[in-house]
Structure formats: structure tokens, C-alpha cells
Amino acid sequence: MAELSELVPVYIMGKRYDVPSSLTIMKAMEWAGYTLIRGVGCRGGFCGACATVYRVKDDPKLYFGLACQTVVQSEMYLGQIPFFPAERATYDINALKPVAATLFQVYPETLRCLGCGTCTKACPQELDVKGYMAAAMRGDIAAVANMSFDCIMCGLCAARCPAEEPQYNIAILSRRLYGRYLSPHSTHLEKRLEELSNHQYDDEIKNLKALDVDGLKSLYKERTIEA
Amino acid sequence: MTYTPEMHEMIKVVEATRARRINERYPSMSLEERQKLLQVFHPDYIKAGMRELVVGAGKGQRTPLELADVLEGRPHISPDFDLGQPEIETDVLIIGGGGAGASAALLANENGAQITLVTKLRFGDANTMMAQGGIQAADRENDSPAIHYLDVIGGGHFTNYPDLVEALVLDAPMVIQWLEKLGMMFDKLPDGTMMEEHGGGTSRKRMHSARDYTGAEIMRTLRDEVRNRPEIEVIEFCAAVELALDKDGKVAGAVLKNLETEHLFYARAKAVILSTGGSGRLHYQGFPTTNHYGATGDGLVLAYRAGATLSFLDTMQYHPTGAAFPEQLLGQLVTEKVRSLGAQPVNIHGDQFVYPLEPRDVEAAAFIRECKDYNNGVITASGQPAVWLDTPLIDIIHGPGTIEKGLPAMVRQYKRFNIDMTKLPILVYPTLHYQNGGVKMDAHCRTNIPGLFIAGEVGGGIHGRNRLMGNSLLDVTVFGRRAGVSAAEYSHGNQPGVPDLAHVDMWNKMLDEAGINGALKSPILLPKYTRQV
Chain B
1 MAELSELVPV
11 YIMGKRYDVP
21 SSLTIMKAME
31 WAGYTLIRGV
41 GCRGGFCGAC
51 ATVYRVKDDP
61 KLYFGLACQT
71 VVQSEMYLGQ
81 IPFFPAERAT
91 YDINALKPVA
101 ATLFQVYPET
111 LRCLGCGTCT
121 KACPQELDVK
131 GYMAAAMRGD
141 IAAVANMSFD
151 CIMCGLCAAR
161 CPAEEPQYNI
171 AILSRRLYGR
181 YLSPHSTHLE
191 KRLEELSNHQ
201 YDDEIKNLKA
211 LDVDGLKSLY
221 KERTIEA
Chain Z
1 MTYTPEMHEM
11 IKVVEATRAR
21 RINERYPSMS
31 LEERQKLLQV
41 FHPDYIKAGM
51 RELVVGAGKG
61 QRTPLELADV
71 LEGRPHISPD
81 FDLGQPEIET
91 DVLIIGGGGA
101 GASAALLANE
111 NGAQITLVTK
121 LRFGDANTMM
131 AQGGIQAADR
141 ENDSPAIHYL
151 DVIGGGHFTN
161 YPDLVEALVL
171 DAPMVIQWLE
181 KLGMMFDKLP
191 DGTMMEEHGG
201 GTSRKRMHSA
211 RDYTGAEIMR
221 TLRDEVRNRP
231 EIEVIEFCAA
241 VELALDKDGK
251 VAGAVLKNLE
261 TEHLFYARAK
271 AVILSTGGSG
281 RLHYQGFPTT
291 NHYGATGDGL
301 VLAYRAGATL
311 SFLDTMQYHP
321 TGAAFPEQLL
331 GQLVTEKVRS
341 LGAQPVNIHG
351 DQFVYPLEPR
361 DVEAAAFIRE
371 CKDYNNGVIT
381 ASGQPAVWLD
391 TPLIDIIHGP
401 GTIEKGLPAM
411 VRQYKRFNID
421 MTKLPILVYP
431 TLHYQNGGVK
441 MDAHCRTNIP
451 GLFIAGEVGG
461 GIHGRNRLMG
471 NSLLDVTVFG
481 RRAGVSAAEY
491 SHGNQPGVPD
501 LAHVDMWNKM
511 LDEAGINGAL
521 KSPILLPKYT
531 RQV
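For the protein sequence lines, the chains are B and Z, in the order given.
Okay, so the first sequence: first residue is 1 according to my numbering, each after it adds one.
Okay, so the second sequence: first residue is 1 according to my numbering, each after it adds one.
Don't take every hint at face value.
Stated by the list, open to error - Once the Cα atoms are required to be at most 27 angstroms apart in a straight line, the calculated DSS-like pairs of lysine-lysine come out as:
1. K372(Z) <-> K12(Z)
2. K521(Z) <-> K191(B)
3. K217(B) <-> K250(Z)
4. K250(Z) <-> K521(Z)
5. K521(Z) <-> K121(B)
6. K221(B) <-> K36(Z)
7. K405(Z) <-> K130(B)
8. K59(Z) <-> K205(Z)
9. K205(Z) <-> K209(B)
10. K521(Z) <-> K12(Z)
11. K12(Z) <-> K415(Z)
12. K130(B) <-> K61(B)
13. K57(B) <-> K415(Z)
14. K130(B) <-> K415(Z)
To be clear, the hints were calculated from the coordinates, so they are not data collected in a lab.
Only chain B is shown next, with the shape it has when bound in the complex (with noise of 0.2 angstroms):
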């Protein structure tokens, strides 16, 4: 089907290559040649290694994407993003409390944020950061939480950020600090757990252990489906 769409021109580190204007960002790179080590991941969109900046012609606007998910267009310039060191805290998820003070103590530079929206628009998964990050300030670790929880942790924002804060760092510290402490328990759980560390259900395993694949089947057959 590539052979088929019509040739678009695009730069890649400045060197023109005419590609079938079907192809993703990261496609167009291989069919130009381009065995990729760096900027390529999933390929499904999910685990943001590819996540690139790109310019087209006489636009001078910097555009965001992911390089598996966005489209080749005419007279676009790519270039692989480098590595991305931004800050990250070391902690220990067991010793912190669920309050604004721990934000603000593990990620001091939260405070600095500008709120000036650039990471908003870095962001290939569309996300509110700049509105996250304003939760951070205020010490919302549950709005923080929910707001980011489709970050892909590309770095972009941070990338981006002219007060140097690591987004989407503060942003998973908060969905740990919200999934290990403020999320509500489940009790069903717990009874379970009971359940396993008195053994309860290891002669029924057991018993199924020993059944032959007849014996098997025909309780498998006896399955009720929840409706």
C-alpha cells in the first residue's frame, strides 16, 4: 500500500528523501534508511520513546508528536530527539505521607512553575499539564493523580519548560502517593489475602492438580458464566 500513495518531500537532519505520504514519522525515517535504536519503542503509541519535535516549511511554529502515530506531510523537517535527562527525586513510597509538604520537600522546584502553558502544548497525549501542575501547587495529589494518569512520560514538557520542572516526574509521584494511600481499600481483597495465607484453597488446587484432562474438562464444561 506505500508504493501506491503519491511522494511527499521531507527533510530528515536536513537531507531531502521523497516518501509515501501514507507513512508515519517513524516509517519515513525507516524507508529512508534509518535502522532506529533511539526515538522508537512500542510503536503502538504507548511508552513515548519516539515522542519528536518537527518544523514545516515557512511555519516557523515547532509542532509535537509521537513519531509512530503522527503522519508525514509535505515539506515537514525531522529530527530524532536526543536523550532527556530531566530531574527525578529518589524516595521511598513507604516513608512519605499523602500531603502537599511531600510534593513540595521530594520536588522543591514545583513551586517555580511560571503557569505559563508550554508544557500544554508539548504534550502528544493532549494532556493539561500547566492544569496539573497548578494542582501540584495547591497540593491536590489527587487531581494531580487523575489529570496526568494518561501521561506516557515522554518528557516533552519538561523538555519545553523555561523553569526547568520535571512534569511528569511530580506527575507519577503524585499517582503513587494517590494509588498507595488515598485510593479506597478494598475490602474483598483483603479477605482473600486472608483466605491464601490460611491455606484455604490449596486442597482444591491440589485436587485439580491430580484430575487427568477428562476430569478437567468435564468440570470446565460445568462452568456457570457470570452473567
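Dock chain Z against the given chain B, drawing on the hints supplied.
Relative to the frame of chain B, chain Z by itself:
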């Protein structure tokens, strides 16, 4: 990029039958019907796609052509490669930085071992990151580990290794709590009850989720925790090309390769955990894949060449719902959670043709039959066959907003290509998803090679001939943890002798004797996607 006018006409047919279908429950198949369908339409049964291995401990085992070729490839290094100057010395070397490797690192660390984790791409660029739908654990009142056991082993056509299934289902609730204590955010009701759904082949609702980012949420949490323990050394863009053994056949580390500088070096270790994942990027039988870029079966090659036993290598999982349109998304995952929430597979006439939640192999075979045999599929402009997945049903059944809230990744994926899956159905077709088999292991993740441990997709036997949804995120965490414990314990009592590469020498001779003179070097490390001109 968006639907063509012809497709919009076809969608009208799907919309016209929707009201009737909402309350229509398509019957599920009997075990006999399943078997009959699989034998004709599942890719595992296409004889032309398979061959027997002719070299190694698994001589005579059947496996896909593409995998057989890499298993019987030439080593990257010569047998006289210098192992005298290890650049890394560690207790436990973990090869692979996905969910299994990260879990293993945490537990090996807690069990007193010094750890080096090497990973071919970035830490966390792995299939775990891409798993969307959920993780199984029997933790509700009407469920039990025994019911989970039956679902797993029935889904695997009663071929699974019982000890491994036992470990999987009994550890499951503990793993959920472990993940939560690490700070993972599960979907819950306000009272704390886990929101759990069905997956294909489950008899109870036990699919825990984190929206449709379940694997990503697990991976980023585990990775963050590993990074909080600076004593765990993580080296990225570093692949393994060969295991090293001592004279007694015990593991003594591995030869590694910096992917960027191409520098090869020896890492000495008392124990090695292979957590290298699957092999979807080998594109068996030409299928597109949901797998990440590095899924090239490296661990299978390393283990096999060193003499490990492989099992179930003739069975791969084709996920029924890979994206079939637009072309840019071809083969990418449409999570099974879409069907868990009520979307029905529908043919070109607007009719259901299969129970939406059969085990994956059965569901996939039914899609292939509907298109290839019954000619009831849609053919896209690029010639790709497909069936409809009627996604708007979800909001009709559960209320408006359900799709956006429960499947944000899927909505975003399609929105990028101007398709609103909350309003319009999407086109899907089976895609290569998972390696059901792998290196044979026991419930402590041990192999027939002393000091070699296995965790995650590279392992074989847990899922038998077919894995159910939600049991791979469970597999990587359960057996990742177990491998970490086992390898740490082993490393406290074992010191390998002088390392050598005698098995590489022997391997070359066996290839020569078998008349295999191809130039293919394996593991291949990365797929070749540059244009061949």
C-alpha cells in the same frame, strides 16, 4: 485517513441492526466446536508456516519458519571471545527491562543480591507497557483461585503445566496488593471495590484495570520503584548476544552488546534471569503485530543455544482485534476490554457471528473464517480484510461517557486519525500478539541449566496452547517476583567456575553438520524495517 464514503455506507448497515443486537446473546461454542474451528482456520495449524528444528536439544520440535531460522542462526561472537576481563561483575544479571525484569529486580534486591539489569531499548520499552485491558486475580466473593485455575487450563486446551498454573492463580491476589502498595492506581468504586470485568474465556469477572493503560501503569510504577533503589544498576541500549557457561554447564554470565557503539563485553554473574519477552517482530506468517520494536525472541535463542529445553513453540497467539484501518494503525492492539465492555464483532451484513468473548485463539479463528471462508468481511482499499467492532454499543449499554472514561487510550488512538470510536464502529482483524510457549521452567523459574532463570513471555508452559486476556500482566509480575527470589537465593550459594563458550563452538559444529550455512546471525536484536532496494 478518515472513513471513506463507501465505508460510511457500510456503517449504516451496522447501525441499522444495532437496536436488535443489543439484547441478542450470540451462543458460545462447545469444546468440540472450538477444536474444529481452530484446526481449519487458526494460523498455528497452517502446516506450510511451520517446520521441525534440525539442530539442538529440541531437534524435531515444530515451530514457525521464522522462529526456526533465528533459533538455528549463527552466534554473533566466536568461541574464542575473551571472557578474561569482565566489565561487569554482579550476583544476578537480569536481561530484559519489561514488567518481568523490573519485578525480578525488586525482589532480588529485597533478597540481598547485587543486581545489574540490562535492556536492549529504554527501560520499560516492552510489551508490558502496551498491555491495555487488565490483569486477572480471583479476589471477589463469587470467585476463587480454583475457578481461575479452571479458566486458565481450559483456555490453554488442558495442556498447561499444572505447577505453573497453581503458582499463577495462588499468587494473583497478593500481586494485586503488592502493585497497589507500590502505588499503582486500579479502577475502583468509591467504596474501594475493584471494578472487574470479563475477559475472553473467563467464567468470573476478575479483570482488574487501570483505564486502558493497565500495563503502562504497572510498568511505569515498577520502573519508578527500581529507580528509587540506586543500588540496582540499570543499563539501557544494551543487548545480550550469548550466555556464558562454566565447565559444569552452570551459567556464568553473558556477553553483552552496546547497541550504539557495538562494543561487545562480558558481564560475569552468578545467576542470570532471562526476561526478554516475546517475538512478535518476527512477523510469523506475515502477520502484523501488536508487539514493541524489540520483540525479536532473543531470550529463546540465547537459552536454546546454551542447551535449554523449549516448550509450546508451535503455538502463537493472534489477538482477534488488531486495528485493520486506518493503514497507519495496522496490527496495533484494540484491547479486549472493548469487548469486555460490550462491543460486538459484526460482519458486513450487520450480523453477529461469534460470541464476543471466546478465548482469543477461537475468537481470532472465527474472524478469519468469517472473512476468508464466508466472505462476510469488509475489504479496505489496501486489500486488508476486516470485521466491524461495534464500539458505540458500549455507551448505549453503560451510559454516555463510558468509552471516554474506560478506554481513553483507544479513543485517543483513533481520534489521531479522525475516527470517533464512541460514535462509529471500528475495523479489526487478527494480529500477532503473544508467544504462548518459551523456555521450559518450573514454578521457581528454574530451567535445566543451573543458574538460568526465566520470567515473563520468554517462559513456556503457564498458558499451554493459548493464553487468556489478563494473564500475561499477571504472569510477568508473579513469575518476575519468583525469578527474583530464586535467582537471589541461588546466587548466595553458588559461584560459577571459569567461564567459557564451549557451547558456541559446539553449536557451530552442529550447524555445519546439519548443512546450515546461512549467514543469519542471531539473536537478531532488531527487526529490519529499512526499505530493501
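Checked hints:
| no. | hint | result |
| --- | --- | --- |
| 1 | K372(Z) <-> K12(Z) | holds (23 angstroms) |
| 2 | K521(Z) <-> K191(B) | violated (52 angstroms) |
| 3 | K217(B) <-> K250(Z) | violated (40 angstroms) |
| 4 | K250(Z) <-> K521(Z) | holds (24 angstroms) |
| 5 | K521(Z) <-> K121(B) | violated (44 angstroms) |
| 6 | K221(B) <-> K36(Z) | holds (17 angstroms) |
| 7 | K405(Z) <-> K130(B) | holds (21 angstroms) |
| 8 | K59(Z) <-> K205(Z) | violated (42 angstroms) |
| 9 | K205(Z) <-> K209(B) | holds (23 angstroms) |
| 10 | K521(Z) <-> K12(Z) | violated (51 angstroms) |
| 11 | K12(Z) <-> K415(Z) | holds (20 angstroms) |
| 12 | K130(B) <-> K61(B) | holds (20 angstroms) |
| 13 | K57(B) <-> K415(Z) | holds (25 angstroms) |
| 14 | K130(B) <-> K415(Z) | holds (22 angstroms) |
Hints 2, 3, 5, 8, 10 from the list above are not met by this structure, while the remaining hints are.
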